[in-house]
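Line order of the protein sequences matches chains A and B. Residues 1 to 428 (full-length UniProt numbering) are what the first sequence spells out, left to right. Residues 1 to 496 (full-length UniProt numbering) are what the second sequence spells out, left to right.
Be aware that a few hints might be false.
Claimed, not checked - In silico PhoX-like cross-links for lysine-lysine, where the CA-CA straight-line distance does not exceed 25 Å:
#1 K243(A) x K363(A)
#2 K361(B) x K473(B)
#3 K314(A) x K367(B)
#4 K77(B) x K361(B)
#5 K473(B) x K485(B)
#6 K156(B) x K280(B)
#7 K431(B) x K367(B)
#8 K361(B) x K280(B)
#9 K55(A) x K361(B)
#10 K67(B) x K77(B)
#11 K431(B) x K314(A)
#12 K55(A) x K485(B)
#13 K485(B) x K280(B)
#14 K213(B) x K280(B)
#15 K55(A) x K314(A)
#16 K431(B) x K55(A)
#17 K213(B) x K367(B)
#18 K77(B) x K55(A)
These aren't lab readings, by the way, just hints derived from the structure by calculation.
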Amino acid sequence: MTAHPIGAAGFLHRFDGLRARLPGARLPWIQALREQAADAFRVQGFPTRRVEAWKYTDLRQVADAGFDEALSAVDSAPALPPAHGGARVVFVDGRSRPDLSTVDGLPYAVESLAAALEAQEGRLGSLARPAEQPMAALNTMLFEDGLVVTVPAGVAGGVLDLVSLGSASERPEAFHPRHLIRLEAGASLTLIETATGPEDARYLHNPVFEIEVGFGATLTHARIQQEAPRAFQLATVYARVEKGGTYDNFTLNAGAKLVRNEIHTLLAGPAATCHMNGAQLLRDGQHADTTTVLDHAAPDCASRQTYKTVLMGKSRGVFQGRIHVHQVAQRTDGYQMNQALLLSPEAEIDSKPQLEIYADDVKCSHGATVGEIDADQLFYLRARGIPEARARAMLVEAFLTEAVEGVQDETARAALGAAVTGWWEAVA
Amino acid sequence: MPAVTETIDTVQSVTEGAYKWGFETDIEMEFAPKGLNEDIVRFISAKKKEPQWLLDWRLKAFAIWQKMEEPLWAAVKYPPIDYQDAYYYAAPKAGPKSLDEVDPELLKTYAKLGIPLKEQAFLAGVEGAGESPADARMPVAIDAVFDSVSVATSYKERLGKEGIIFCSISEAVQTHPELIRQYLGTVVPQGDNFYAALNSAVFTDGSFVYIPKGVRCPMELSTYFRINAKSTGQFERTLIIADEGSTVSYLEGCTAPMRDENQLHAAVVELVALDDASIKYSTVQNWYPGDAEGRGGIYNFVTKRAQCRGRRSKVSWTQVETGSAITWKYPSCVLLGDDSVGEFYSVAITNNRQQADTGTKMIHVGKRTTSTIISKGISAGRGQNTYRGLVRVAPTASGARNFTQCDSLLIGDQCGAHTVPYIENRCMTAKTEHEATTSRIAEDQLFYCRQRGMTQEEAVGLIVNGFCREVLKELPMEFAVEAQKLLQISLEGSVG
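All chains, full assembly: derive it from the sequences and hints.
Rendered as structure tokens:
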């Protein structure tokens, strides 16, 4: 048996082998995208901690894992998480499973990328920046499938579940779905994404989202990350919001051994709004990194970010948030808060909020706090006869609820609330 | 600096809008050849009659420096520096023994800088001048560093009675080699960073302070730095040791002539506070900032760090940064002793094309250590102002506490204000808080002032001073007056 190349070399080796068989191999524009991405990935490889954007997240354990491409059996019928609305698309190991999905009668188009690839010229790759983000380069090089959603102008899309399942296999598998979401003028959609896998599965889930929120459109994007305990998720979201549009993202990181949740939002049109909220719930041995990059590139936009991290055992949480206010973006209103609660003496939190401001008529602020459960609050509850364990649980719950409360859409808020409560009940 | 009232007068009498300390003194200087190599390091060491161990220490630093790369992570832009195209040693020729012998140009320089006549005599190195009757004001002992060498230190004898050592570092190498050897490079090691390594190899002078056990220094200690000669870099090294239970307040001021070329200033400051000791270090940095188009000005690449080694020790940094074309400076505290305290108060102004990337590092190691960071950045014209700071809490620092506040003010739409804090907490019982805001001067505040008959510029000056109040109130009183004036001058031409 020949040695299996690992790290960046392993993925490049696989790309060389698969090149002719990957979807779109006969489309010159896809080929060009993949080749450029491969060049970028060849140069950058897996980022080391010497790269500023990856200062606190070491990808060595991901690079060293040695992945195979996914070979999921078509007839497998995995258990699915509960649905939040009627419509649901299911991906197993990054591949669309129409047999498990329910998309009939929707007032908008839901397609699989593999099937609809030819029509995505100019759309696929319009927002992702593989030259600057090695994981997006890896995705571009090897993506096979993904979700393509287009909500026409003025259509209220309701709730759509996106379920991503990893499966257990002998060797760890890697999959790199590419999801394209487009809301035309005045459209709306609530996209609830649940990523999970069986207890013993080891895999790398490396999705890239390209999201376009049109004039006055509203997208609620709830990401519930409950991957298998030994799995890795490296997700990169690129969103562009036009005039008067709203992008409401909430990311819950509860599973996986290591997760990086990177969100790039561009407020491209005036009076656009963006909410990026999230919670990271970490148990012993977990590493979760949320990195946000927010570009205020038009005047009169508002942005709100609240991120909360609860750390137990020997876990490590990372928050990096950059707000860039361009010179044209006068009357920007930007706010960012990240808070961490340390419940263990072995936990570590690293936080790097960042403001980069080139316009003068702005109101921008950020805050960051780290601490343990407040002794006064605990005392207050105990003085009222609440046992210590219960009092602690209440305070942690209250801490987390604040982040979830910022989500505007009721269905998404309820789904996230349930996931948070479920996590806390499982660990407490 | 006691010079304040005079300085203000000087400032007011000069025409508006220009850098007031931009004159050049034409005195006879001694230079080492241009460029940097081992021979220059040996030359400097020989000039200073240094012991072998110090020469070896410098050469080691030089070897480290040669292998290092210039840091490029700061949010500042400048053309590459040619380290071979500068003089690393420049000194006024032969020191005077009486006032008559003093180069009159040197005296004139001090007069222009607004240093009172009495002190001019000390600074000119006139023997016995330190024994003149006490000033009506609170006396301040001054060490003046002119280009590469310390020209004089005042009040030496009076301080000597308390056992306080305050002299130039080259003198201390001769008179107190054991202290230098014990402490030099223990806070900022030779290989700490590119500029610190360069400084370690070629530092020419600076101040040395030692406060013995239990002594409260009876007066403010002050060093006055000036770059005068052309094409010189200034590399001073300051070392302050506060022994158990002692207290000292130290002030530092800096100016340079106006030139079209950029000059390099790469200083290292090391502070050591032992049990129950307290050091207050204040800086008013007013190096030449370059002209409105960004020509000339000082590159101020400085490493300042304090170690609170003792229990209950305290170090407080206060800085007002108005000068320099580029500022790259992060006065830091390593809080080793239990219950030790670190503070950082900063005002940084960038106008025209100035760039400042400044902040602090607070490293919590000891139990119940506390730190406070208050940073006020003001950007005007095409200035770029970055706060960059690190708060790191080690697992050992149980009960540690940090509070950080960074506020930025933007004046005009061509400037930038940036905040880059790093918070790394590995201790459950520690608590860290950070908040930052960015805004411009509110229209209603301006309107209110204008309505009461103030000019636009006066109104902005008043508001900016209010914005900086939390920091300015930390400065020794006389310094604070000067700093307020400086803020106003620095913002001239940025309004309306």
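Hint-by-hint comparison with the structure:
no., hint, verdict
1, K243(A) x K363(A), "20 Å, holds"
2, K361(B) x K473(B), "22 Å, holds"
3, K314(A) x K367(B), "21 Å, holds"
4, K77(B) x K361(B), "22 Å, holds"
5, K473(B) x K485(B), "14 Å, holds"
6, K156(B) x K280(B), "20 Å, holds"
7, K431(B) x K367(B), "12 Å, holds"
8, K361(B) x K280(B), "16 Å, holds"
9, K55(A) x K361(B), "17 Å, holds"
10, K67(B) x K77(B), "23 Å, holds"
11, K431(B) x K314(A), "18 Å, holds"
12, K55(A) x K485(B), "41 Å, violated"
13, K485(B) x K280(B), "22 Å, holds"
14, K213(B) x K280(B), "17 Å, holds"
15, K55(A) x K314(A), "19 Å, holds"
16, K431(B) x K55(A), "22 Å, holds"
17, K213(B) x K367(B), "24 Å, holds"
18, K77(B) x K55(A), "23 Å, holds"
Checked against the numbered hints given earlier, the structure breaks only hint 12 and satisfies all the rest.
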